[in-house]
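Engineer: Here is what each chain is made of, one letter per residue.
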Amino acid sequence: MGNYFHSVELNADMCCGCTNCLKRCPTEAIRVHGGKARILPERCIDCGECIRICPHHAKRAHSTPMEETKKYKYTVAIPAPALFGQFNGLDNIDFVLTGLKKIGFDAVFEVSRAAELVSEATRKLIKENKLQKPIISSACPAVVRLIKIRFPELCHNVMPLLAPIEVAAKIARKEAIDQTGLSPEEIGVFFITPCPAKVTEIHSPNYAEKSEVDGAIAISKIYPELAHAMDHLEEVEPIAQSGLLGIGWATSGGEAAAMLGDKYLAADGIENVINVLEELEDERIRDVEFIELNACSGGCVGGVLTVENAYVAQARIHKLRKYLPVSLNHIGNRNIDEMMWSEQLTFDADIFRLDEDINKAFEMMTKMEEILEGLPKLDCGSCGAPTCRAMAEDIVRGKAKETDCIHKLKAKIQNVYDQLKNTI
Amino acid sequence: MSNAIHLHYDVSGEDFTRAGEASGAVKKTLKKLGYNSDAIRRVAIAMYEAEINMVIHADGGFVDIDIYPDRVEVLLSDHGPGIPDVEKAMQEGFSTAPDNVRTLGFGAGMGLPNIKKYTDDMRIETTIGVGTNLYLTVIVNQ
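Line order of the protein sequences matches chains A and B. Mapping of the first sequence onto our numbering: residues 289 to 712, in sequence order. Mapping of the second sequence onto our numbering: residues 36 to 177, in sequence order.
One chain only, chain B, in its complex shape:
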């Protein structure tokens, strides 16, 4: 089996309009690799939600993606405020997003629940005042 394909993207916290660039680029790569379309969609949606979270709550960060023939692993890392109550953050409808992004249609409290729904594994490491690492895995059934 070949080695993983590694991709790295910095997510800018300053420019909200650029959120979604990394997930878009990963989607293109997966299509070229001929991954099944359901897996591509799941990776793209989960990554997009996580990218948006990073921009809204944590002033950006970086994304590391490792693509294997049978799975895609994603690490989204930020130096934001951390998540005080992960269980609560996982509840549908719970959101701490500010009003200015709510007017854009974000902040519905579906970010983390959606990420969980679309991935096969999701792990959160978070420390208050230090930052959050979000690990995602999507299994690819060819």
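The following block holds chain A by itself, in its conformation from the complex:
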């Protein structure tokens, strides 16, 4: 846990200490102290909401620079299907794939191809009754991380299948080895990412020791160069091998639709995701077999590292899918076990509980309720914590003091002033 990598980071020079990100963070992972925001690493799920909301652009996502590709003898780009929604008037994704080769990659393998394999594997495992129902998709790493730190009872419902990017990277590397005769280390596999959570995932996977992906390049970084290259293509190579099911993963509901059944639910936007998880935990959602959750509104097309409005991109994805075959990738005699996680998701109990010792936690909670009674309950954020309740918790954890509350401080000063006035 100590070395957990985060892709979302703060540029302190640009932070003015306002409360925008503080109020928006779904896991209350931000505090403002000394006029600068600070991210509590253990609570951050890298959803990118703070990047989206910050009016001063002080939050940014660390992603792999294009230069990194030069370290490898042979490079493969594995683009997220969300990339295909970024271009106006696109009717053939081969333009994008050929464009990626033109800007320097030796080969391209669409993640949507692997998505079709993951969908087929899921359908198979559901049919064989090998998964704990309701099954929660493991494709969005921000959601998986959220479950890991906040929803202990749901950890075993998370589908133990690799996300499409990992499956794509595995296949792409193998194909590259077969084609070039190079060793695995000489081949660089780069994900073209719509979001910071995927960047985090390849550095610190939720479920395994090491990711198959060597780097994640932001769509927004690569976009200008790629769009330019696409405008100047001499010929378009026939590379694409995705069906409509795989491309559909770019938007909310796409993965669920690929289950080809009707007992599914798809929620998007982090607050909605949290509501669904709460209800699931209380067993209030019934008759649903499969649950697709995306931290971003609209699904992956809504990622903070994309360039186009999520809903415009969504409409384009629907149009792109229109005349595609249903699915072009099939498991065949591939071993499903190679697509499974090596272990089940385990709960990280230490993040939110007050203390390991329940009696100690009890004392702290009692104290917290007392402190909260005395706070104004305006949830103004001026103290640097997102709510009065969070502030009370910070105080009992020894990370804040009551006078950090400006309303408390004001009352105190008024008191001193009144006393002085009476003595004069």
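If you are wondering where the hints come from, they were derived from the structure by calculation, not from laboratory data. Watch out, some of these pointers could steer you wrong.
As the list claims (entries may be wrong) - Capping the alpha-carbon separation at 30 Å, the derived lysine-lysine pairs in DSS-like fashion look like this:
1) A:509 to A:610
2) A:551 to B:67
3) A:689 to B:67
Go by the hints and put chain B onto chain A.
Structural biologist: Positioned in the frame of chain A, the structure of chain B alone reads:
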């Protein structure tokens, strides 16, 4: 051993969409205390069912929760019509819920049976025309 942590919530009978707020808040508190997840789930489900009952049948009321390190005690109190036949109300599938809430998926007659299933002790005090007190206890095995 420390004193109990006491929480109190009023349950509005007028706004159906707010049912479940109290159980949600209690769940948060229990998670912060580091209770085992099975106990939290049982408290949350039992309280939620009871809250819904209160809104559907009794026009709301209040919930008192006492949290101890080894158990959670809940009192749900209302001034509703009372339960004429408790034994019958305890039967799975028996329901007097009106049609308008049935269309929302409630009224399956699993409320009280579920509450009993998820708690370690359940006691009902009910007087026709006066109201109902429902006492629940969930034992926490750490």
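Engineer: The structure should be examined with respect to each hint, and the outcome stated for every one.
Structural biologist: For each hint, the structure was consulted:
Taking the CA atoms of residue 509 of chain A and residue 610 of chain A, the gap is about 29 Å. The hint holds against a cut of 30 Å. Between residue 551 of chain A and residue 67 of chain B, the direct Cα distance comes to roughly 34 Å. Violation of the 30 Å bound is thereby established for this hinted pair. Only pairs whose Cα atoms come within 30 Å are accepted, and residue 689 of chain A paired with residue 67 of chain B is accepted, the gap being roughly 20 Å.
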